[in-house]
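Trainee: Listed below are the residues making up each chain.
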Amino acid sequence: MNPFARLGVDPAFSVDLVELERVHRELSRALHPDKHAQGLPAERRKTLEEAVAVNEAWRIVRDPLRRAEALLALRGVEAEGSAAKPSPAFLMEMMERREELEGAKAKGAAALERLATAVQVDFERTRDRLAAALDAGDETFGPAPRLLAELRFQRRLLDEIASLEDD
Amino acid sequence: MAYSEKVIEHAENPRNVGTLDKDDPNVGTGLVGAPACGDVMRLQIKVGDGGVIEDARFKTFGCGSAIASSSLATEWLKGKTLDEAAGLKNTTIVDELNLPPVKIHCSVLAEDAVKAAIADYRAKQAAKTGA
Chain A
1 MNPFARLGVD PAFSVDLVEL ERVHRELSRA LHPDKHAQGL PAERRKTLEE AVAVNEAWRI
61 VRDPLRRAEA LLALRGVEAE GSAAKPSPAF LMEMMERREE LEGAKAKGAA ALERLATAVQ
121 VDFERTRDRL AAALDAGDET FGPAPRLLAE LRFQRRLLDE IASLEDD
Chain B
1001 MAYSEKVIEH AENPRNVGTL DKDDPNVGTG LVGAPACGDV MRLQIKVGDG GVIEDARFKT
1061 FGCGSAIASS SLATEWLKGK TLDEAAGLKN TTIVDELNLP PVKIHCSVLA EDAVKAAIAD
1121 YRAKQAAKTG A
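Protein sequences, first through last, are from chains A and B.
Heads up: the first sequence is residues 1 to 167, going by my numbering.
Heads up: the second sequence is residues 1001 to 1131, going by my numbering.
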């Protein structure tokens, strides 16, 4: 499934999230079962399937990681494998961030909060570089698979810090 | 999911956790990661005369299986020649630790780390003789 086509939005990494919400709301309203209650069973089933597909497409396009995966898949670019290997410098940085997390766990909530803020900045920087790679008009997407892998690491780390903050 | 006794044993009492001097020409450092689970693993070897691994250390941030895999790998590496070490297969780790299918990628990560450490050591040696 092409989630961009399903929603009728441009297949690009840079996306207007406000506009995306509006499109999703509009499509959902048009496909709502209440609007089709008088239809034939086969039509009602088809409308329901479409509504489910629209929701799934919306979840993909609004998430930067899944949106990047979908764009790579659309162009047939391998998102795994050797092109997706994070750089040694990045792995070093991850190692350091993980060490900082160990320290922050011992220090408490304020330290975790500071680390979360710092990693969020890292995440946004990688995301912006991924946007540049995906929307540059270069069909091969250059470093995009590697940047996507790096973004996954940062997302995982953010999730972990968030789950610790909830405790 | 239940961990095997050996995984728990290694995860609770990991062997050879630590750091070797990465700038030492006799030390090779391998740094690898798995984006899907966010695991990062650093594995280092110190190679003595005759190309025998004298010491091995690791630091892994990840699940119990990833820690156990790297812990086991460092134990196994000591006393091996570089060529023997390069032949380490992840399946050896899988068998030894009884890893379930969903955790096989942890053993692959450890194998990658060993290979990266050997490659780093060899690159350093090549640079030394080349200079």
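Don't take every hint at face value.
Here are the simulated DMTMM-like cross-link-like pairs (lysine to aspartate or glutamate), alpha carbons at most 20 Å apart as the crow flies [said to hold, decoys possible]:
| hint | chain 1 | residue 1 | chain 2 | residue 2 |
| --- | --- | --- | --- | --- |
| 1 | B | Lys1124 | B | Glu1009 |
| 2 | B | Lys1059 | B | Asp1023 |
| 3 | B | Lys1115 | B | Glu1054 |
| 4 | B | Lys1124 | B | Glu1075 |
| 5 | B | Lys1022 | B | Asp1095 |
| 6 | B | Lys1022 | B | Glu1005 |
| 7 | A | Lys85 | A | Asp128 |
| 8 | A | Lys85 | B | Asp1120 |
| 9 | A | Lys105 | A | Asp63 |
| 10 | A | Lys105 | B | Glu1054 |
| 11 | B | Lys1128 | B | Glu1111 |
| 12 | A | Lys105 | A | Asp167 |
| 13 | B | Lys1059 | A | Glu102 |
| 14 | A | Lys85 | B | Asp1055 |
| 15 | A | Lys107 | A | Glu160 |
| 16 | A | Lys85 | A | Glu100 |
| 17 | B | Lys1022 | A | Glu93 |
| 18 | B | Lys1124 | B | Asp1024 |
| 19 | B | Lys1059 | A | Glu160 |
| 20 | B | Lys1059 | A | Glu165 |
| 21 | B | Lys1059 | A | Asp128 |
| 22 | B | Lys1089 | B | Glu1012 |
| 23 | A | Lys105 | A | Glu43 |
| 24 | B | Lys1046 | B | Glu1005 |
| 25 | B | Lys1006 | B | Asp1023 |
| 26 | B | Lys1022 | A | Glu96 |
| 27 | B | Lys1046 | B | Glu1009 |
| 28 | B | Lys1006 | B | Glu1054 |
| 29 | B | Lys1046 | B | Glu1012 |
| 30 | B | Lys1022 | A | Glu99 |
| 31 | B | Lys1059 | A | Asp167 |
| 32 | B | Lys1078 | B | Asp1021 |
| 33 | B | Lys1006 | B | Glu1075 |
| 34 | B | Lys1124 | B | Glu1005 |
| 35 | B | Lys1059 | A | Glu93 |
| 36 | A | Lys107 | A | Glu124 |
| 37 | B | Lys1046 | B | Asp1112 |
| 38 | A | Lys85 | B | Asp1049 |
| 39 | B | Lys1115 | B | Glu1084 |
Treat the hints as calculated values from the structure; they're not laboratory data.
Trainee: Next pair to validate is Lys1115 (chain B) with Glu1084 (chain B); report whether the Cα-Cα distance is within 20 Å.
Mentor: 11 Å, holds
Trainee: Within 20 Å, alpha carbon to alpha carbon, are Lys85 (chain A) and Asp1055 (chain B)?
Mentor: 27 Å, violated
Trainee: Take the C-alpha atoms of Lys1078 (chain B) and Asp1021 (chain B), compute the straight-line distance between them, and say whether it is at most 20 Å.
Mentor: The given pair, whose Cα atoms are some 17 Å apart, holds under the 20 Å limit.
Trainee: Given the proposed pairing of Lys105 (chain A) with Glu1054 (chain B), does the C-alpha separation stay at or below 20 Å?
Mentor: 34 Å, violated
Trainee: Are Lys107 (chain A) and Glu124 (chain A) close enough, with their CA atoms no more than 20 Å apart?
Mentor: 26 Å, violated
Trainee: Are Lys105 (chain A) and Asp63 (chain A) close enough, with their CA atoms no more than 20 Å apart?
Mentor: 28 Å, violated
Trainee: Just to be careful, I want the Cα atoms of Lys105 (chain A) and Asp167 (chain A) compared with a cutoff of 20 Å; is the pair within it?
Mentor: 11 Å, holds
Trainee: Between Lys1046 (chain B) and Glu1009 (chain B), does the CA-CA distance stay at or below 20 Å?
Mentor: 25 Å, violated
Trainee: Check the hint pairing Lys1006 (chain B) with Glu1054 (chain B) against an upper bound of 20 Å on the C-alpha distance.
Mentor: Distance ~24 Å between Lys1006 (chain B) and Glu1054 (chain B) Cα, so the pair is violated.
Trainee: Is Lys1059 (chain B) within 20 Å of Glu102 (chain A), Cα to Cα?
Mentor: Holds, because 13 Å separates the two Cα atoms, which is no more than 20 Å.
Trainee: Next pair to validate is Lys1059 (chain B) with Asp167 (chain A); report whether the Cα-Cα distance is within 20 Å.
Mentor: 26 Å, violated
Trainee: Is Lys107 (chain A) within 20 Å of Glu160 (chain A), Cα to Cα?
Mentor: Given pair Lys107 (chain A), Glu160 (chain A) holds - Cα atoms ~16 Å apart, limit 20 Å.
Comparing the model with each numbered hint stated earlier shows that hints 1, 4, 5, 6, 9, 10, 11, 14, 16, 20, 21, 22, 23, 24, 25, 27, 28, 29, 31, 34, 36 and 38 do not hold.
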